[in-house]
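Novice: Since each chain sits alone in its own frame, please combine them into the complex, following the hints.
Chains W and D, in that order, are what the protein sequence lines are.
Numbering-wise (the numbering used here), the first sequence opens with residue 1 and increments by one.
Numbering-wise (the numbering used here), the second sequence opens with residue 1001 and increments by one.
Keep in mind that the hints were calculated from the coordinates and are not lab data.
Among the clues, some could well be false.
Label pairs and their in silico Cβ distance ranges [what the hints assert, rightly or not]:
id : chain 1 : residue 1 : chain 2 : residue 2 : range
1  : D       : R1089     : W       : L8        : 17 to 27 Å
2  : D       : R1089     : W       : H32       : 19 to 29 Å
3  : D       : I1045     : W       : A204      : 55 to 65 Å
4  : W       : K202      : D       : I1045     : 45 to 55 Å
5  : D       : A1125     : W       : F28       : 24 to 34 Å
Using 30 Å as the maximum straight-line C-alpha spacing, the simulated DSBU-like pairs for lysine-lysine come out as follows [claimed, not checked]:
id : chain 1 : residue 1 : chain 2 : residue 2
6  : W       : K82       : D       : K1111
7  : W       : K82       : D       : K1079
8  : D       : K1090     : D       : K1111
9  : W       : K203      : D       : K1018
10 : D       : K1111     : W       : K202
11 : W       : K229      : W       : K134
12 : W       : K202      : D       : K1018
13 : D       : K1018     : W       : K90
14 : W       : K90       : D       : K1148
Remember, predicted model here, so these are calculated numbers, not experimental data.
No residue lacks a Cβ here, since even glycine has one placed at the ideal position from N, Cα and C.
Here are the chains, one letter per residue:
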Amino acid sequence: MASIRTYLQSTIMSKVIMALSGLAVIGFLLAHLAGNLLVFGGPEAINKYGQGLRDLGGLLWVLRGGIVVAFIAHIFTSIHLKQRNASARKVSYANTQPVNSTFASRTMLISGLSILIYLLFHLSHFTWGMVSTKSFNGSYILQDGRIVHDVYAMVVADFQNPIISIVYIVAVTLVMFHTTHAFSSAFQTLGINHPSYNGLIKKAGLGIAILFWIGYVSIPVAILGQFVK
Amino acid sequence: MKLKLHIWRQKNAATSGKMTSYEMDNVSPDMSFLEMLDVLNEKIIERGEEPVAFEHDCREGICGSCGMMINGMAHGPEKLTTTCQLHMRKFNDGDEITIEPWRAEAFPVIKDLVVDRSSFDRIIASGGYVNVNTGGVPDANAIPIGKKVADYAFNAAACIGCGACVAACPNASAMLFTSAKISHLGSLPQGQVERMDRVINMVSTMDNEGFGGCTNHLECEAACPKGISAEYIAQMNRDMMKATFTVR
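Next comes chain D alone, as it looks inside the complex (with noise of 0.2 Å):
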């Protein structure tokens, strides 16, 4: 196949960045997208410039990491699949192919397609935990949940903090990810004790982070590579509500 990409290029967090074209031969498709970048590298250092930045690690579609917005899709056009299991088999010989960051003022490009999401981290750090007792680990099963519970809880908490969402959202809003945690968490017995608390410290972390609102588009939901619902928001919602009423 042949490709044409036009990727963002940007040195450092302090420097402004453009897009640069680059011309592909020879690309297989079978090659994953990262891999295919990977090719281009190769390329690019041979004739002794700087390769393209972009942040990866499992290539198994868990991690998180590889998160890059192709041709104006958060992880490309393949519904719940990120970058690393997308394949060039998706795309036609002779496209031409828009690659760029994440774009939200909380994640702000470190280089070229690498953002810094560190303020997940923070949102996650403010409320998106419960406590246990210390000492002996505790029985698996010794708090019966029931089958339906788990099944909503889990499937909040197969969210991967890749930020698909926010770069998706048109108001670069984080409320799929931080709806998705405050549920995963306040849904099971073993969340109750925070369950007020938690809402209240991650939506003003969430705030203060410079996210925007959702505006119900569920933009997020169709990037989501989890296929994380926007149920949890409205979840969220009503956690909000309740504690923004009862929290002391």
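The shape of chain W in the complex, shown without the other chains (with noise of 0.2 Å):
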């Protein structure tokens, strides 16, 4: 028999990969979502949300590097599975007529990478502050005096900006499409497939993506809208 290392790489388990990682991901953007909500319950809510991300020290490097390990194995598993899929027909049909497949299916790589470029650009905004110096270096005076960063006039002061608010709110549409296609494949590649809950795991998998973007959206919209200042 062959190695495991021989298996791990058949084309089954590139998607076992694909799907833990996907999943790695969406678990994290719920979390991020929560996160970034607090933003409704003023400067002082997600302030000390944000310092207390930053107070739990090495556990946070440790989320933060399972997260990295889950996009970056997302991203090469996905080109390296694209490559060979390409490579399976290399002549097409002058005629093909989409029955079961969806445009968010047709498009994961496209909307994949794309949001992968948004991504960049995001970090490099809110976490590196490469993008706008001036308001990503605000300090907070918490209730109890700790002097914390300020992600509340950050988030405010950068969404104001409406070309920043609206890149922000098509990376979330893809996001969102993305996911309408991802959640019930993920539970597909990783062999949970049932007719007694098929229903409800592609239904989750919609509101998840729903969810994505109302909430997600929700913010710039609601400091553009001025109900946030």
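Specialist: Dropping the structure here:
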């Protein structure tokens, strides 16, 4: 028998890596959304939360490391599988009529790579402070007297720029599309397919995709609409 | 009925092909699609030209030979139907119909609409069997099998190996075919001995033959003339995960 490494390189096990890393990213996006929505609780709430994350110290780096590994595994495996799939049909049809596939399922690579490009901008903006240094370097005094990074002021100031907000909304829309196919697809890949709960998985996937869109988009919309100042 | 056909013509595996158009008059709506092609071929032969090569055998919808892409759909627009069981009444007078061979690197075109599907045979040869003791024929019902399990295995066994799943898949993946064969044997008591080796060997042959991977578009499920469910792909994935960590 061949080594375990050979099996892990099979199409199916590559897909399992895609599914597990994708679900990890969905988990991260849910947690990230919960944190971001604290912007509606005012500066104290979100800044305290931001400081709380930093206070995790080593654990925060473990979580960050985990999500970076998941992203990298997801991206590299998708490119590897895409190359394989492209070489499985070199001559294309003159006429093809899709029946079961969806716009989202057929554009996973495009939506995924577009999200990646946005992600790099998003990180350089809000994590590395390379886009607007002024708003990034603000500080805030918590009620307990600690001086912390002013996440609230940074988010509000930057989303007041309609270009930043619109690009963000477009990226979130792509995340929504990507998730509609990704969630149920991950379960199928992991071998979880049963007539009793397939409907539930499909609805949950759609629900999470819509939740991402409404949740994430509500922030720039509230800021542009002056509901959050 | 009057039809305009656009058919892929390719002399042999070594040459490149192209779409060629043919006009058809007086097509009876009661003809099967293959009978319509037979009539076309008679006309082409009368003109002293090479007839359109296509595969066919039983013409009863059970052998899986007559695969072709009709207007961008494997076996044509009718669900759960092979090309031989597709009738011209499904089309309208004046229609233009595109007819192409299955497209996959693992299914090289031999001539016109005929492709070499021996990659499927090699997948079967690598694990699509069970070992049995030689000697007298065992009693048919010696091993009791529950109705639900028997139905589940039978639905997978309904696969006729036509290749429509590969043809319809945007990735030319053979996972519906391979998983049907793996699940058919793997869900029955007789198939348990080789179950883990079977999935490893058949998936590895499938990958080596150059088929793509599944991205869960489920076009295969829609194209399958026998209505085989992608549920079997999930079972293959489960078995593959288990086998990866258990086979020695």
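Novice: Would you mind marking each hint as holding or not holding in the structure?
Specialist: Going down the list of hints, with the structure as the test:
At roughly 51 Å, the beta carbons of D:R1089 and W:L8 sit outside the given window of 17 to 27 Å. A beta carbon spacing of about 56 Å between D:R1089 and W:H32 contradicts the range 19 to 29 Å that was offered as a hint. Take D:I1045 and W:A204: their Cβ atoms lie about 59 Å apart, and the range 55 to 65 Å holds. Checked against the hint of 45 to 55 Å, the C-beta distance between W:K202 and D:I1045 comes to roughly 52 Å, which is consistent with it.
For D:A1125 and W:F28, the hinted distance range of 24 to 34 Å is not satisfied, since their beta carbons lie about 44 Å from each other. A C-alpha spacing of about 29 Å is found between W:K82 and D:K1111, which places the hinted pair at or below 30 Å, so the restraint holds. With a CA separation close to 29 Å, the supplied pair W:K82 and D:K1079 stays within the 30 Å bound. For the hint pairing D:K1090 with D:K1111, the CA-to-CA distance comes to about 27 Å; that is within 30 Å, so the pair holds.
Of the supplied pair hints, the one linking W:K203 and D:K1018 is violated, its CA atoms being roughly 44 Å apart against a limit of 30 Å. A C-alpha spacing of about 42 Å is found between D:K1111 and W:K202, which places the hinted pair above 30 Å, so the restraint is violated. A hinted pair counts as satisfied when its Cα atoms are at most 30 Å apart, and W:K229 with W:K134 qualifies at roughly 17 Å. For the hint linking W:K202 to D:K1018, the alpha-carbon distance of about 42 Å lies beyond 30 Å, and the restraint is violated.
Straight-line distance between C-alpha atoms of D:K1018 and W:K90 comes to about 15 Å, which keeps the hinted pair within the 30 Å bound. At most 30 Å may separate the alpha-carbon atoms for a hinted pair to count; W:K90 and D:K1148 exceed this at roughly 41 Å.
Consistency note: the structure conflicts with the earlier hints numbered 1, 2, 5, 9, 10, 12 and 14.
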